[in-house]
Structure formats: structure tokens, C-alpha cells
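Protein sequences appear in the order of chains F and U. Residue numbering for the first sequence follows the numbering used here, starting at 1 and increasing by one per position. Residue numbering for the second sequence follows the numbering used here, starting at 1 and increasing by one per position.
Because the hints were derived from the structure by calculation, they are not lab data. Heads up, the beta-carbon is just placed ideally off N, CA and C, and yes, glycines get one too. Heads up, a few of these hints could be off.
[To be verified] Only some residues are given here: those of chain U computed to face chain F with a beta carbon under 8 Å: (1) F89; (2) Q92; (3) L108; (4) P109.
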Amino acid sequence: MTLGASFRIALRAMAANPLRSLLTALGVIIGVGAVIAMVAIGQGARRAVTDQVQALGSNLLTVFAGQAQIARIVRGDAVQTLNIEDAEEIQKAVSGVTGISAEYSRQAQVVFRAENVISQISGVTPQFQEVRNFRPARGEFFTEAEMRSRAKVAVVGKTVADRLFPDTEPIGQRIKIRGITFTVIGVMEEKGATSFTDRDDIVFVPLTTAQRRLFGVTHVRTIHVQVASAQEMPAAQEALTELLRQRHRLAPHQDDDFTVRSQADILQTFTSVSQTMTVLLGGIAAVSLIVGGIGIMNIMLVSVTERTREIGIRMAVGARRRDIMLQFLVESVALSVGGGLIGIGVGVLGSRLITRFAGWSTLLSLQAVLLAFAFAVAVGVFFGLYPAQRAARLDPIVALRHE
Amino acid sequence: MSLITVRNVEKIYRMDGVEVHALRGISLAIEPGEFVAIMGPSGSGKSTCMNILGCLDRPTAGTYLLDGTDVTTLGDEALARLRNRRLGFVFQSYNLLPRTPAIENVELPLVYAGAVDRRARARAALDSVGLGARAGHLPTQLSGGEQQRVAIARALVNSPAIILADEPTGNLDSSTAGEIMGLLDRLSQQGITIILVTHEADIAAHARRHVLFRDGRIVSDEPARSRTVVAQGPAQR
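Just chain F, same shape as in the assembly (with noise of 0.2 Å):
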């Protein structure tokens, strides 16, 4: 007998019981949908943390002021090791280095007539364009003249814009900060939320009149080098690493006072965290495909009792075993992949009603789709195997009489 004999016996055993099919492919089409979404989930987190981290600019070494042990940024001004002599020295000593900017940045009140927010304030260098890649859309940033006089100028994030100035054109408005007047000299480009910071939400002064005018310090938080190729940045690591111990006397015996992470150490962590929830909650999901195989193996085992006749009938004239075997083989792979198909439009569905009311992004990946859709295939198999065997080593006689 052909497949695709076998296959209409099948779709006709299905159509004759279509509500039996359709709960008994239930299981498959669950399983398959939650391996989808889950899968789509883990992959959008990891893609947003993998967007977010390279928005940071590329080929980038991240000094934090003290020992830190995750790559988080350090609170308060407990630790007050970091400063702009280092950055100028690090940019002068550290072969392949191309950019450097140091940051100082807290959280402060803005005020523009009657509106007020409260948005980060970040002290930056002229460089920080290029090092971070992120630039004004509108008017310009400041200059290294600006910087070096304490220039009471400010180039606002997209966030904070829209607040301020929500029908007034913001360039050339005068904000004020810790009771500070600025002129407003810019507009940052969108750089859009993630799923911790929104990216927007911030204010731009140069470094020094951060640190003098405004909040009186003279360390840094962060210092973000720029290296000219990937290649060269474990040999930058390890210069700027020695140069800063040397800068701030510390004797061998002594941790480091600073800590520095690349970008490679920062995706690693967190695509580490997200391939596990990925593999966590795929699996999860995986034992519900195993779930749904056994009730079509249970579905099959009915089916072959309730066709013991039938398959006696077969026999009389002429099936053979492997007929016999194929038939309920068939069906039962046909119920996995019918219930896989299904499956596939629930798991796509599913992940997009995620993204749309619960926010978060999903990233559909065709190889999960795959997968899950072959191990339905495989589930329909293995659980339809034990079914079809019991069917074709029926006895044609004990069949016949079967009532």
C-alpha cells in the first residue's frame, strides 16, 4: 500500500471522531506553541540585551570606579578612585586606543518655567559622540572649549525634550539644574527604552561644569575607552589595567581599585542568563510535547480497539502487518503534525500578543519553530509506535470476530 493511501485512511479515521482529533492533537499543538513563544521570549530578551549593550558603541572598554563584581554601575561617591587625569593619560599611554569619555552623571531636578523633571544628569567629554555613538539629532553637542570653561550649556536626551518642551522648540531655551542656568545648545537622536533604563531620559553638560558647578566633585563614575579593533583589546585591557595601578600606587599585594569589563564580558553574562532561560523554559515546554504524546498514544490505543474489525477486514483482504503498522502509524503522525501545524500558528500568535500587551520583545527564531515541529513529528512517531504494533500483530481471526 502507498503513503498516501495510508494518509487518506488516515485523514478519514480522523474526520469521522473531528472533536476526538482535535483534543488529542491538543497536547502537541500546546507543547509546540510554548516551545515557540518561550523560546521567542528567551531570544527577544537576549536580543534586546545584545542591542542595548552594542548601542553602547563598538570595540569598548568600560573602567568603573572600584571593585565591582557585576558589570552594574557603582551607586553614590563611596568610591572616588577614577578621574579625568586618568582618562587623559589612559588616551595617551595605551596604545590603539581612539577615544575616551569620562562620565559623572546623578540623577538632579530640571526645571523649564513650570515643568520640572527629575532625569540624569551626565557629565561627559566632547568625545562621547563617537565613543558611545550616540550624537545630537537636532543643534549640536558641546565643544572641548566649552568643557574646558565650564560652559553652562546642555544637550537634552528625547525623553526629557518632550517633556520640557512639549510645544516649545528646545534649542536655545534656558533650563535650569540645581538652580544653575543652561542653555539649552541640543536634541539627542531617539536612542529608545530598554528593558531596564529608558536611554532617553538624561541631560548632557560637559564633565567639568558637572563636577565644579554642579555637584562639586572632582572624580569620575565611569570611563568608556574606545579601542580601534577588536583584536587589540585584550592587549588595551591589560596596558590601561597597569597604568591605572600604577597611577593609583597600588602594591602588588592590593586588588585593583577599578574594574574593567568589555563589552565581550557584558554580553557574555547576560546571553549566559538568557540561553539558560531560553533552554529552561523550552524545556519546560518540551515536557508538554511529551505530555501530549502520550495522549495520543492513549487516543491510538482506543482507536486500535475500537477497529479491531476494521483492521481484521484489512487483513482478509490482503493487508499485510507493515500495512496494518503504517496505517496507525500515519495517523498518528498525522495528529502530531496536524497538532504541530496548529501549533506553530498558536506559538507565532502567542508571541505576538506577548510583545503587544505584555511589552516585551520576542524574537521568532525559525530554527526553535523547526525544532519544536520535528520533535512533534518525532513525538507522533515514538508514541504511535507501540499503538501500530499492537495493531498489525492482531490476529486476523480473534479481529474478524472482534464485536
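Since the structure of chain F is already known, use the hints to place chain U on it.
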């Protein structure tokens, strides 16, 4: 050479550790084109004999030659092939596939034979039993007699050498039974060997030869003299 040669065939069933001798050594030869009625009371072994002749069951001992081939040595696959190509079954309860149109029921043996011109041959077989107009009907939409005619078309479709009919009229009223037997008579005249199991004398009267079973043995095997004589003969219960 006979079409069917059965020698000293025994069949022992084991039921809950008790051995049941269904056949206690039967020998039988059937020539091509014969119309044989197998008769006997319930439990006489006639159904067991039918199952063995139909290659649905294997004897415990003895030999069964079909077309000169010893069937007892064949595997499941070869037996399935024999049932498909050489034999056609007609059952008391028709045994049509439910929810399957008549034409597709008739096609069934061709599906397993891997034939290509299935639809045309199935239609020809249905026409030959006078049911060409009912090809698309489901078994539930057909009367008992019509269902049995579909079953006969199914038995015929692969041009078998032998048709095995097990109480083919058992579920039918006498006039419908007459139609079915008329159909079998016609097939017999066309040269197909027919083996008929029945316990009704007037049905057996259509056959040319009567084989009587009792307690797993053949107690008589003689040609039918004429319908009226047979009806009063030893074959009658």
C-alpha cells in the same frame, strides 16, 4: 493437480490451558471450478476449516497445498499476498468498512495489491453485482442484501481463484438470500471455485458437492444429487 489439497490437517486450540481439538485430521481435495458446501453443526470444525482454507489461520499439523504450494510453510506476508490475489471472502455480517463508500470498500483489495486502475476495476465489479448506481453510498445507506452484494464485489475485484463464503445468507431474508445465491451460482458458472459454509439445506442445495463435518472430522463427502433429494438427505440437520 487439485486446486486445494488438504492432508491430515489438525487444529488444536489452547484455551486456559485446556486443549481443544477443533480439527482431528481432515483430508480434502477441491478441483478448479467446483462449488462445495461445507456443512455441519456448531463446533463441528467447519469454521476452523474455512479459516485454514482462507489462509487466515495455520493448521497445527498436516499439509495444505494451494496451487501446489504448501501454505503451512509460508510466512505472514506470503499468506497476506495469497488472500489478496487468490482468495475472496464473503462473510455472514458483510464486514464492510464503516463510513466508507461502497466503491472504496470494493477497492480495498486493490489498494493492498498496489493496483493502478483501482477505480475502474472497482466500478466494473460493482456493476457486475448490479450496484453500479450505488457506488457512492455508505454501508449504512444500503440494505442487507445490497451490502452483501458489495461484499461479493469486493471478493471478486481482484479476480480470485476461490471465493470463500461463510454463511453468506445468514443475516438475510429468504428472497434476498435467493438473490445472493443466484449471484454465487453465476460466478460458479463463470468458473470460479466457490466454497460455501452453511447449515441451511436449501442454501447448500446450490452447491454440486456437500462435505459434512462433525466433531472435527469429515463424516461425509458426496456430490449433490439434486435439490430436492439433498434437502432430505443426510446433510439436513
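To see whether the hints hold, each was checked on the structure:
| no. | hint | in the structure |
| --- | --- | --- |
| 1 | F89 | 5 Å, holds |
| 2 | Q92 | 11 Å, violated |
| 3 | L108 | 5 Å, holds |
| 4 | P109 | 4 Å, holds |
When the structure is compared with the earlier hints, a violation turns up for hint 2 alone.
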